[in-house]
Amino acid sequence: MSGRKYLGRQKIPIEKIENETTRLVTFSKRKSGLYKKASKLVEKYEDVDVGIISYSPNGKPYSFFHPTFDSVVGRFVSPDTQPSVDGRFFDANARIKVKERRGELDKLDMIKKIISNQAPDANDMENVWEYIDNVKEEDVTRLEEWLDLVELKLNHKLRMLENGASSSTQAPPNGVF
4 MSGRKYLGRQ KIPIEKIENE TTRLVTFSKR KSGLYKKASK LVEKYEDVDV
54 GIISYSPNGK PYSFFHPTFD SVVGRFVSPD TQPSVDGRFF DANARIKVKE
104 RRGELDKLDM IKKIISNQAP DANDMENVWE YIDNVKEEDV TRLEEWLDLV
154 ELKLNHKLRM LENGASSSTQ APPNGVF
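Heads up: the sequence shown begins at 4 in this note's numbering, then just goes up one per residue.
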C-alpha cells in the first residue's frame with residue numbers, strides 16, 4: 004500500500020476564503036471550537052480569567068468572558084492592580100453561578116441520554132438519584148402535566164395510525180389501477 008486511505012485531521016493554511024458562505028460557515032465552526040476550548044479551560048482551572056472578542060466576516064461582534072467582562076478587561080489593562088472587595092465578590096458570585104449552571108447542564112445531558120435510550124454509566128445514575136432527591140413538588144407537578152400531554156398526543160397518534168391502517172386495507176376505488 005503506497006499511502007494512507009484517509010487523510011484525517013490536517014493543518015490547513017490560514018488564508019482568506021473567497022466563497023462568502025464557506026467563509027461564514029468556517030468562521031462559525033472555528034468560533035464554536037474556540038469557545039469550547041475556552042470553556043474547557045475555565046472548567047478545568049476554576050480561577051482562570053478568559054476573554055475572547057471576535058468579529059464575524061459580516062462585522063457582527065462575538066465575545067466570551069469569564070468570570071465577567073469587567074474583571075477580565077480590568078486585569079488586562081492593569082495587571083498589577085488588585086480588584087476591589089466588591090469586584091472580587093462579584094467575580095466569585097459569577098464563578099458560583101457558572102458552576103451551578105454547569106451542574107444543571109450535566110443533569111440535562113444525563114436526562115437526554117436516558118430519553119434517547121443510551122445506557123447511562125454509573126456516574127450518571129448517581130446523578131439521577133441525587134436529582135430525584137432534590138426534586139421539588141412543582142417540578143413533579145410540571146412533569147406529570149407534561150407526561151399527561153405526551154400520553155394524549157401518543158394516543159391520538161395511535162388512533163390516527165389505526166384508522167389509517169384499517170382504511171388502507173380496503174380495496175381502492177374503481178379506476179385507480
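Treat the hints with care, as some may be off.
[To be verified] Calculated cross-link-like contacts (lysine-lysine; reagent style DSS-like; alpha-carbon spacing at most 25 Å):
id, residue 1, residue 2
1, Lys19, Lys43
2, Lys34, Lys19
3, Lys19, Lys40
4, Lys43, Lys139
5, Lys40, Lys14
6, Lys40, Lys63
7, Lys116, Lys102
8, Lys47, Lys63
[What the hints assert, rightly or not] DEER-style ranges, computed between Cβ atoms:
id, residue 1, residue 2, range
9, Thr144, Ser119, 22 to 28 Å
10, Val28, Phe72, 35 to 41 Å
11, Ser66, Gly106, 21 to 27 Å
No lab work stands behind these hints: they were computed from the structure. Beta carbons: idealized from backbone N, C-alpha and C, even for Gly.
Inset, instruction - May I ask which of the numbered hints given earlier this structure violates, with the numbers listed in increasing order? - result: Hints 1, 4, 8, 10 are the ones this structure does not satisfy, whereas the remaining hints hold.
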